[in-house]
Amino acid sequence: MHADDLEELIGRRLRSLPEPLAPPTLWPRVRAAVEEHLARPWYRRTWRDWPLALRAASLALAAGALVGWPLAGSAGLWSAAPGLVRNIGASVGGGAGALVTAVDALRHALIEPLAVYVVAFALVTGTAAAALVIALKQALTLGGFSRS
Amino acid sequence: MTDVSRFETFVRKHEHRVYATAFRLLGSRSDAEDVAQTVFLRALERFDAIGDDPAVGGWLRTVTTNLCLNHLTRFRRRWRLFSEMETDDGGTDFADRIPAEDAATDRHTDLEVALRALPDHQRVPLVLFHFEGRSYQEIASVLGVSLGKVKTDMHRGRKALKDRLEGGDAR
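Which chain is which? The protein sequence lines are U and W, in order. Take the position in the first sequence, starting the count at 1, then add 3; the result is the number in our numbering. Take the position in the second sequence, starting the count at 1, then add 15; the result is the number in our numbering.
Treat the hints as calculated values from the structure; they're not laboratory data. Source: prediction; values computed, not measured. Note that beta-carbon positions come from the ideal geometry of N, C-alpha and C, so glycine has one too. One should not assume that every hint holds.
[Claimed, not checked] Below, a list of computed lysine to aspartate or glutamate pairs in the EDC-like style, where the Cα atoms sit at most 16 angstroms apart:
1) W:K166 with U:D8
2) W:K174 with U:E10
3) W:K166 with U:E11
4) W:K164 with W:E127
5) W:K174 with U:E22
6) W:K174 with U:E11
7) W:K177 with U:E22
8) W:K28 with U:D7
9) W:K166 with U:D7
10) W:K28 with W:D68
11) W:K166 with U:E10
12) W:K177 with U:D8
13) W:K28 with W:D67
14) W:K177 with U:E11
15) W:K177 with U:D7
16) W:K166 with W:E153
17) W:K174 with U:D7
[What the hints assert, rightly or not] Covered stretches of chain U, as calculated for chain W (at least 3 residues, CB under 8 angstroms):
18) 8-17
19) 54-66
20) 120-131
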């Protein structure tokens, strides 16, 4: 038999099959899983399922960290912090004080000059990534729906 | 928060279609039920957005198909590997793969059982083509194998089903 004829024959026979029915146990299983899902505390759910107030607070915290970090740096707040740490370190021991001094020097030499650029880069790429994810989700959703 | 009774109506409406797709792709009732449960939990996560969408059936079919393929590949590391490790005729004697309790049945069930007894690399593309309306090219892309391999596997699967049907006719 030719391949096209075989395809047509088997296709016709397969499509004439009755659809297998879901077992009666499926919904009870789904319901149990749903109830377990809904009973989880908020911190064990995905971020999208968090209460609205917590989602807003987490967004504000993240935005505050992103914006506040370079602002704090430019306001000189960071310069005061190592001094405090240095004092604590000195009281703990000379080794800790030396470590704090080394970290402080490293921060001055490498981190502070780059901090603004790193934060700006993170903001731009983060925004672009979020826009891309939203666009992809919409495209996938529309694509999936249009297949039916 | 999702209304559970509204979600139950949703599940009841779509459960047979989701289960049928999963059952035919996986060839196992228990695996199909596991996948169907996962599909509906995914639907729950975005129920507010899709619950009333008239085109949600397509979304459910896509998610079901993807989860089934993930399920199959999870146990075989890579589709290509397990597919190409099979021998030309499907690895084992086709008749040996048919469960004994399914052997004496009517014609419809006979074909359904024969379909389930096919090796995965023959059954899955046949189901995607004949039940899910995917093209050969789409199937090759989804499974990550060549177009030629998809066509060869599907031809061998159809031949096995035809032989089974003719064997049934002769009984």
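So, going through the hints one by one against the coordinates:
In summary, the hint linking K166 of chain W to D8 of chain U is supported, as the alpha carbons are separated by about 14 angstroms, within the 16 angstroms threshold. For the suggested pair K174 of chain W and E10 of chain U, the alpha carbons sit about 9 angstroms apart, so the restraint of at most 16 angstroms is met. Only pairs whose Cα atoms come within 16 angstroms are accepted, and K166 of chain W paired with E11 of chain U is accepted, the gap being roughly 14 angstroms. Distance restraint check for K164 of chain W and E127 of chain W: the Cα-Cα separation of roughly 23 angstroms exceeds the 16 angstroms cut-off, and the hinted pair is therefore not satisfied.
The hinted pair formed by K174 of chain W and E22 of chain U fails the criterion: a straight-line CA distance of about 22 angstroms is larger than 16 angstroms. For the hint linking K174 of chain W to E11 of chain U, the alpha-carbon distance of about 12 angstroms falls within 16 angstroms, and the restraint holds. For the hint linking K177 of chain W to E22 of chain U, the alpha-carbon distance of about 20 angstroms lies beyond 16 angstroms, and the restraint is violated. Simply put, K28 of chain W and D7 of chain U have alpha-carbon atoms about 36 angstroms apart, too far for the 16 angstroms limit, and the pair is violated.
Between K166 of chain W and D7 of chain U the CA atoms are separated by roughly 11 angstroms; this keeps the pair inside 16 angstroms, and the hint holds. Restraint check: the Cα-Cα separation between K28 of chain W and D68 of chain W comes to about 13 angstroms, which is no more than 16 angstroms; the hinted pair holds. Between the alpha carbons of K166 of chain W and E10 of chain U the distance comes to roughly 11 angstroms, so the proposed pair stays at or under 16 angstroms and holds. Between K177 of chain W and D8 of chain U the alpha-carbon distance is near 11 angstroms, which keeps this suggested pair within the 16 angstroms criterion.
As the CA atoms of K28 of chain W and D67 of chain W are separated by approximately 12 angstroms, the hinted pair is consistent with the 16 angstroms bound. A distance of roughly 12 angstroms separates the Cα atoms of K177 of chain W and E11 of chain U; the hinted pair therefore holds under the 16 angstroms criterion. For the proposed pair K177 of chain W and D7 of chain U, the alpha carbon gap of about 13 angstroms is at most 16 angstroms, so the pair holds. In summary, the hint linking K166 of chain W to E153 of chain W is supported, as the alpha carbons are separated by about 12 angstroms, within the 16 angstroms threshold.
For the proposed pair K174 of chain W and D7 of chain U, the alpha carbon gap of about 12 angstroms is at most 16 angstroms, so the pair holds. Evaluation of the coverage hint for the region 8-17 of chain U: fulfilled, as 7 residues show C-beta separations to chain W shorter than 8 angstroms, against a requirement of three. Counting residues of the region 54-66 of chain U whose C-beta lies closer than 8 angstroms to any C-beta of chain W gives 0; at least three are required, and the coverage claim is violated. Under the rule that three or more residues need a Cβ within less than 8 angstroms of chain W, the assignment of the region 120-131 of chain U is violated, with 0 such residues.
Hints 4, 5, 7, 8, 19, 20 from the list above are not met by this structure, while the remaining hints are.
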